[in-house]
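Protein chains: 2
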Amino acid sequence: MKRIALLGSTGSIGRQTLEVARAFPERLRVEALAAGSNTALLEKQAEEFQPGLVHVGEKGPSLEEIATHPDVDLVMVATSGKAGLIPLLSAIRNRKLVALANKESLVIAGKLVMEEARAHNVEIRPVDSEHSAIWQCLQGEKENEVEEIGLTASGGPFKDTSQEELAKVTPVEALNHPTWKMGRKVTVDSANLMNKGMEVIEAHWLFGAPFDKIKVVIHPGSIVHSMVKFSDGSIKAQLGEPDMRLPIQYSLSYPERWENAGLPQLDFASLSSLVFDPVDLDRFPCLRIAVEAGRAGSTYPAVLSAADEVAVDLFLSGKIGFIDIARLLHDVIEQHHQISEPTLEEILEADAWAREIAQGWSK
Amino acid sequence: MKRIALLGSTGSIGRQTLEVARAFPERLRVEALAAGSNTALLEKQAEEFQPGLVHVGEKGPSLEEIATHPDVDLVMVATSGKAGLIPLLSAIRNRKLVALANKESLVIAGKLVMEEARAHNVEIRPVDSEHSAIWQCLQGEKENEVEEIGLTASGGPFKDTSQEELAKVTPVEALNHPTWKMGRKVTVDSANLMNKGMEVIEAHWLFGAPFDKIKVVIHPGSIVHSMVKFSDGSIKAQLGEPDMRLPIQYSLSYPERWENAGLPQLDFASLSSLVFDPVDLDRFPCLRIAVEAGRAGSTYPAVLSAADEVAVDLFLSGKIGFIDIARLLHDVIEQHHQISEPTLEEILEADAWAREIAQGWSK
Chain A
53 MKRIALLGST GSIGRQTLEV ARAFPERLRV EALAAGSNTA LLEKQAEEFQ PGLVHVGEKG
113 PSLEEIATHP DVDLVMVATS GKAGLIPLLS AIRNRKLVAL ANKESLVIAG KLVMEEARAH
173 NVEIRPVDSE HSAIWQCLQG EKENEVEEIG LTASGGPFKD TSQEELAKVT PVEALNHPTW
233 KMGRKVTVDS ANLMNKGMEV IEAHWLFGAP FDKIKVVIHP GSIVHSMVKF SDGSIKAQLG
293 EPDMRLPIQY SLSYPERWEN AGLPQLDFAS LSSLVFDPVD LDRFPCLRIA VEAGRAGSTY
353 PAVLSAADEV AVDLFLSGKI GFIDIARLLH DVIEQHHQIS EPTLEEILEA DAWAREIAQG
413 WSK
Chain B
53 MKRIALLGST GSIGRQTLEV ARAFPERLRV EALAAGSNTA LLEKQAEEFQ PGLVHVGEKG
113 PSLEEIATHP DVDLVMVATS GKAGLIPLLS AIRNRKLVAL ANKESLVIAG KLVMEEARAH
173 NVEIRPVDSE HSAIWQCLQG EKENEVEEIG LTASGGPFKD TSQEELAKVT PVEALNHPTW
233 KMGRKVTVDS ANLMNKGMEV IEAHWLFGAP FDKIKVVIHP GSIVHSMVKF SDGSIKAQLG
293 EPDMRLPIQY SLSYPERWEN AGLPQLDFAS LSSLVFDPVD LDRFPCLRIA VEAGRAGSTY
353 PAVLSAADEV AVDLFLSGKI GFIDIARLLH DVIEQHHQIS EPTLEEILEA DAWAREIAQG
413 WSK
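Protein chains in written order, with our numbering: chain A, 53 to 415; chain B, 53 to 415.
Calculated directly from the structure, the hints in this document are not laboratory data. Note that the structure is a prediction, hence the values are computed from the model and not measured. Please note that a few of the clues may not be correct.
One copy or two, either will do: identical chains are not told apart, so a pair holds if it fits within one copy or between any two.
[Said to hold, decoys possible] Restricting the straight-line Cα-Cα distance to at most 20 Å, the calculated cross-link-like pairs of lysine to any residue (SDA-like) are: (1) Lys194 / Pro307; (2) Lys265 / Pro316; (3) Lys211 / Ser325; (4) Lys194 / Arg81; (5) Lys371 / Glu361; (6) Lys233 / Val106; (7) Lys211 / Ser322; (8) Lys415 / Glu216; (9) Lys265 / Glu311; (10) Lys265 / Trp310; (11) Lys194 / Ser369; (12) Lys194 / Asn312; (13) Lys265 / Gln317.
Use the sequences and the hints to build the structure in full.
See below:
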């Protein structure tokens with residue numbers, strides 16, 4: 053029986069994690085639940101799963117207490133934004149199994165997180181479908197024989213939208229993703245490929261891959277979740293229906309795989325046609341900006357991530373346009389004075405600085 | 053330094069094996085060469101690679117002597133037809149590393165071969181691109197978590213040919229495979245999907261998979277070489293340009309992967325479109341006949357394989373038509389009185405019987 057602490061239980065990943073837990077009552081015990089504000093749903097969840105520890109808003113044990121509690125074997129970090137970082141580090145330092153759905157913690161503090169993970173011999177299990185795919189493709193393979201990582205991107209709702217039309221995109225249109233059902237922030241990030249840029253940074257840290265070796269390729273069907281090319285030229289890919297419960301479950305069941313009749317099954321014969329296209333960085337500058345921030349390192353990715361949270365809020369509340377998000381990110385990064393080898397405090401300061409600048413941004 | 057014995061060095065797989073050996077003079081030493089009749093080419097090969105042991109026709113050490121020689125670490129069985137079986141068994145019994153390009157030995161005597169391999173703790177390394185793909189997908193995974201194997205088939209030159217037109221197919225047309233350059237026998241077998249049927253039997257034995265769990269899917273591009281679906285619904289696929297040197301090399305380099313600039317490289321961005329179609333068993337009855345023979349077991353697959361060798365010869369020499377191959381196979385199998393749990397001798401007797409009946413076959 054694996055005892056799980058679920059941080060961010062009322063979000064999209066949190067709710068799907070509980071669906072997986074519900075399917076395996078003899079293998080998974082939900083020992084702790086934590087959520088930010090959706091008290092009504094959290095109460096329902098607590099009633100069903102009867103966790104020993106419950107945190108909501110400011111009440112109950114802190115996220116760090118939950119992430120380090122002796123009754124917890126595995127911490128699923130499914131909070132959004134930078135709130136996942138501190139409990140993630142606590143879990144690592146306490147040698148918990150860690151499943152990571154929160155990409156921001158690797159984007160803003162990947163170096164620190166991976167150093168702690170190495171120091172404490174903790175393997176971080178990715179939950180993002182792309183990173184889960186890469187992780188699966190790497191099973192039984194050697195890290196030093198990885199030649200390239202092929203990160204697939206659905207291309208989002210505006211894959212074929214012209215530059216002129218992108219300027220007129222509304223929040224409702226941006227929130228209508230063709231293949232994945234996700235939270236609002238990540239859905240907008242997927243529409244302008246900012247999400248893919250953050251995933252490149254995430255892959256860089258998770259798999260120790262140089263940025264040059266991480267390639268983004270558009271794959272509208274979201275069936276091939278990512279690929280790895282090895283030194284002999286052989287490529288492995290992982291495929292499945294676009295359903296987050298599969299990578300969530302794998303992060304919990306690893307190194308085993310569990311049959312789950314509740315998951316949609318993909319048939320070989322129904323694969324039909326898998327299409328791949330190059331990515332157009334002119335129409336999707338957020339991807340370029342994000343990868344450049346990742347490559348520059350230091351406090352740049354933290355600034356990128358924080359400014360993007362503000363930018364997406366401004367876009368969703370109608371204060372800036374869709375293509376202004378990239379402009380805002382570009383301008384905030386331009387103004388930033390990086391701190392190399394930043395401490396956690398310096399990262400959080402850069403984050404706060406970026407939010408302030410982003411809030412005051414105007415075209 | 054791995055010291056290799058190459059049985060069947062003048063055939064298509066043999067020549068490509070030597071191309072791989074040529075690329076890695078510090079890792080691979082060709083210790084033995086054996087060929088059936090192409091003396092001129094064998095002499096050239098011997099001059100270049102200076103093997104300690106050379107067998108041609110009836111001259112030199114026997115194939116069994118080569119396969120069991122103390123100077124040999126790995127035996128590549130690339131002979132065609134049933135000639136590979138005896139040296140394969142000798143190599144296994146002497147605990148050599150074995151790379152198997154000869155599918156007939158598993159088709160006709162899979163049970164015996166795998167029993168010997170288990171008894172001597174020898175892992176048979178597949179060389180067929182499909183089986184290499186499956187083997188690669190299985191790395192780091194558990195055999196009891198395999199849900200299904202998806203064996204891809206290019207569909208051959210007659211993928212879209214009508215039943216009426218199939219009756220008129222000439223040897224020249226059948227020898228013109230759209231994606232793979234191979235020997236004549238296997239090219240004809242690929243054109244009527246007999247080869248895929250034999251590969252199903254081969255996969256059954258190599259990976260211990262029940263026939264129900266092995267699915268054939270048409271994939272005209274020959275980029276996805278095969279797939280494995282696991283118990284949680286996750287699918288892994290192996291991709292690469294259709295070039296036998298990659299699976300050959302992997303069978304030699306395993307568990308390592310070696311960079312080889314001489315191999316064509318597949319780019320993620322150039323994948324473009326991967327198409328999959330269901331297989332039409334009405335137009336390709338050989339696939340059904342082969343799988344049924346595999347399922348029936350005993351001496352049926354040996355009869356199938358032997359009768360097919362004769363049938364392809366008859367077709368190539370213009371004595372029977374393309375669609376007569378399936379009729380011949382059907383008739384010979386119908387007449388066969390199976391011997392269950394056959395010994396090697398009984399298998400070879402069934403083989404001889406089938407050749408005789410096949411030779412005398414008429415519509």
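Quick one: which hint numbers does this structure break? Sort them smallest to largest.
4, 6 and 11
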